[in-house]
Structures are given as structure tokens and as C-alpha cells.
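Enquirer: Each chain is listed here by its residues.
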Amino acid sequence: SAVISQKPSRDICQRGTSLTIQCQVDSQVTMMFWYRQQPGQSLTLIATANQGSEATYESGFVIDKFPISRPNLTFSTLTVSNMSPEDSSIYLCSVGTPNEKLFFGSGTQLSVL
Amino acid sequence: KQEVTQIPAALSVPEGENLVLNCSFTDSAIYNLQWFRQDPGKGLTSLLLIQSSQREQTSGRLNASLDKSSGRSTLYIAASQPGDSATYLCAVRKIEGNKLVFGAGTILRVKS
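Sequence order for the protein chains is R and E.
Residue 40 in this note's numbering sits at position 38 of the first sequence; the count goes up by one each step and never skips.
Residue 51 in this note's numbering sits at position 54 of the second sequence; the count goes up by one each step and never skips.
Subject to a maximum C-alpha distance of 30 angstroms in a straight line, what follows is the list of computed DSS-like cross-link-like pairs (lysine-lysine):
1) R:9 to R:67
2) E:-2 to E:39
3) E:-2 to E:96
4) R:103 to E:-2
5) E:39 to R:67
6) R:103 to E:65
7) R:103 to R:9
8) R:103 to E:96
9) E:91 to R:103
10) E:39 to E:108
11) E:-2 to R:67
12) E:39 to R:103
13) E:65 to E:96
14) R:67 to E:96
15) R:9 to E:96
16) E:-2 to E:91
17) E:39 to E:91
18) E:91 to E:65
19) E:39 to E:96
20) R:103 to R:67
21) R:9 to E:39
22) R:67 to E:91
23) E:-2 to E:65
24) R:9 to E:91
Just so you know, these hints were derived from the structure itself, not from any lab.
Turn these sequences into a full structure, and let the hints steer you where they fit.
Expert: Written as C-alpha cells, this is what we have:
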């Protein structure tokens, strides 16, 4: 199993600012995933981040809005840029290979005023 | 496009009851199916993982089944307890793109 530390756990931000969310894993992992959970909805994949390559974004998500860094096999960041109230969500990072369980961080609850 | 549906959306039962949560998916080209538990304001905890070649998995009072050909999975919870109250999510791991697609979840409340 993997232990994932995600921070901040919550934040309240002003419109037009940016927030960077960090995800630290206790072991080396190839694939890391970033998800968004909007209020009352299920999880939607934002992007897949592999070390040493550019992140792969899902339809509806762009690098300018959600830049991702993956400097090594245990760490990743997701930035939510130029925030608006519509970005208020829970953001979660996760790790796991295709045939294994997927493990999640505890999430970052973001509120944009 | 893979779609995952969970029924019911919400369920309220008295303590001690056995219950079944349902999950259906439209594309059988999956690596596996996973059931998660999410507590309010928290991340997800993996409960059970069923590989595409398996029929069921058990952990304690939980039993999950998978019928890939019909696109269905069930999560059976025996002798429910108030501590089981949470949102339960199922997710399938697509072969195409190796991505996880989630259902909307079932909100479970077990009353003491």
C-alpha cells in the first residue's frame, strides 16, 4: 500500500489568484493522477502525471489552467490558476498501477470567493 | 464511452440489516473494478478490488461481486453498523487509456 500526504487540506482563496496543491508519496510510483470532485458529484480525472514527461490532460482540462509538476517519483504538484468560484471543489491525488488498488490522498477542499 | 451508474443514490437502513449496493458499467473492456468509501470532507479509502478475471472478493463484512459480461457489480454489507455510514463509490479501470471512471456514489446512512 502507499501512504499519500496531500496539502493543504483546505483553503479559501480570492478570485483571480492561484493555489498550488502538493502530493507526497512514501514510495516511488510511476503514475500519479489528479482528480476533481465538484460539490455533490463524483470524481473526474484532470490529468495523469508521469515522471520525466509532460502530464496528459483529460478533455475539458488544459495545462494553462491546471499546470502540473512531477519532479521525481514521490512528489507532484497541481496548481489551480486564475481561480473563479466554479473552481471550488475537492482536489485529490492518487497513485496506483493498472492491476493494483488505487490509493488516494486525503484531498484539498478549495473554496473560491 | 464508459459510463458507470450506481443505484440507489441514497439508502437509509436500521443497524444490523444486510444491504446491497449496485454498480453497472457500459463497456466490459476493463482491467478491474474497485469499491471505495468516502467520508464527508475526506479522501477515498479503497475497500475491495476485483480483477476482470475474478468473480468476487471478500473483506470482513464486505463482499463484492463482478459479472463483467453483464456489466454489473454488487457490494454486499453484512450486519450494517452506524460506522458504515459514508458514500460508497465504484470505479472501473478502463483498458483504453488505463483510466479510472467513477460512478456518482451511493450515500449510505445506518441508523442506530
